[in-house]
Amino acid sequence: MTPSAELREGLAELRAEVAKAVVGQDAAVTGLVIALLCRGHVLLEGVPGVAKTLLVRTLSAALDLDTKRVQFTPDLMPGDVTGSLVYDASTAQFSFREGPVFTNLLLADEINRTPPKTQASLLEAMEERQVSVDGLPKPLPDPFLVIATQNPVEYEGTYPLPEAQLDRFLLKLTLPLPERDHEIEVLRRHSRGFDPRDLAAAGLRAVSDAHQLARARAEVAQVQISDEVLGYAVDVCRATRQSPSLSLGVSPRGATALLATSRAWAWLSGRGYVTPDDIKALAHPTLRHRVQLRPEAELEGVTAESVLDTVLAAVPVPR
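Residue numbers for the sequence shown follow full-length UniProt numbering, so the first one is 1 and each next one is one higher.
Please keep in mind that the hints were generated in silico from the structure rather than gathered at the bench.
Where a beta carbon is used, it is the ideal one built from N, C-alpha and C, also for glycine.
Some clues are possibly wrong.
The calculated BS3-like cross-link candidates involving lysine-lysine, where the alpha carbons are at most 30 Å apart (straight line), are [said to hold, decoys possible]:
id, residue 1, residue 2
1, K117, K138
2, K68, K117
3, K138, K68
4, K20, K68
Label pairs and their in silico Cβ distance ranges [stated by the list, open to error]:
id, residue 1, residue 2, range
5, Q130, R238, 26 to 36 Å
6, D227, R97, 46 to 56 Å
7, H182, G135, 42 to 52 Å
8, V133, L299, 39 to 49 Å
9, R188, Q130, 42 to 52 Å
10, V133, V47, 31 to 41 Å
Could you build all of it, start to finish, from the sequences and the hints given here?
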């Protein structure tokens, strides 16, 4: 299978289009495209002010997709996310009013600021792509992607996501502070009148759509992976379960996620087959949130990233 040049070019144009509004976050844009190709969800981590919300709004505009934003707070209720039954006096019946989860791209801002009950309301939507109302399933639009944000430095008053919910995020992407040149460019654009609330004025246009995404997903599903490379992906995941620095290694769901993201990366690279380098390239964003450090390892300064580096260096690469 040879990837369609037309589809790849359409998605490659996304970077240039998003760059009209967001400076220097190419890696995050690529990660979000991979998540869309794999129908997976994304956890975005970065300090306030690094354009997490702007990135999602810009991506949805460039893909001509609907997007909604929910600010997660301690008093947010599950019905505020999924929707609720409302009594209609004119018909004397209850009708369902859809919540913001009925969209293509749901930005769950600061997801760890809301209690576990509300966090759990997203689980069915993320896994089954539906919301159950009065025992009846209501399907969500396709594509449907939850992009949840977390602040990595402020933990007071937060409710850390449980491992079971973290495992449902396909990727964890980190948005670093911009380099000096990029930050100068941000200020330059603002000095020229750039308004992040008016993307049309920045010249942003739709360069792809849901139909093209569906065609691209069908091609990604045809990307070949040999038994040797499959074994390599499994060995990487199994090695995390034996790491002395970890109390929790990567689950089999994590291994299937690594397979999916590697196939999408291979397709974006113009290949119809997966190589060990594809596995290595996607190991960090796909697995970093699926491992749990031992407390003593954290005290010694060990990080999930360093453990994954050690694992990738130790597991033999098939030739």
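Hints and how they fare:
| no. | hint | verdict |
| --- | --- | --- |
| 1 | K117 - K138 | 20 Å, holds |
| 2 | K68 - K117 | 21 Å, holds |
| 3 | K138 - K68 | 18 Å, holds |
| 4 | K20 - K68 | 21 Å, holds |
| 5 | Q130 - R238: 26 to 36 Å | 33 Å, holds |
| 6 | D227 - R97: 46 to 56 Å | 50 Å, holds |
| 7 | H182 - G135: 42 to 52 Å | 51 Å, holds |
| 8 | V133 - L299: 39 to 49 Å | 47 Å, holds |
| 9 | R188 - Q130: 42 to 52 Å | 45 Å, holds |
| 10 | V133 - V47: 31 to 41 Å | 37 Å, holds |
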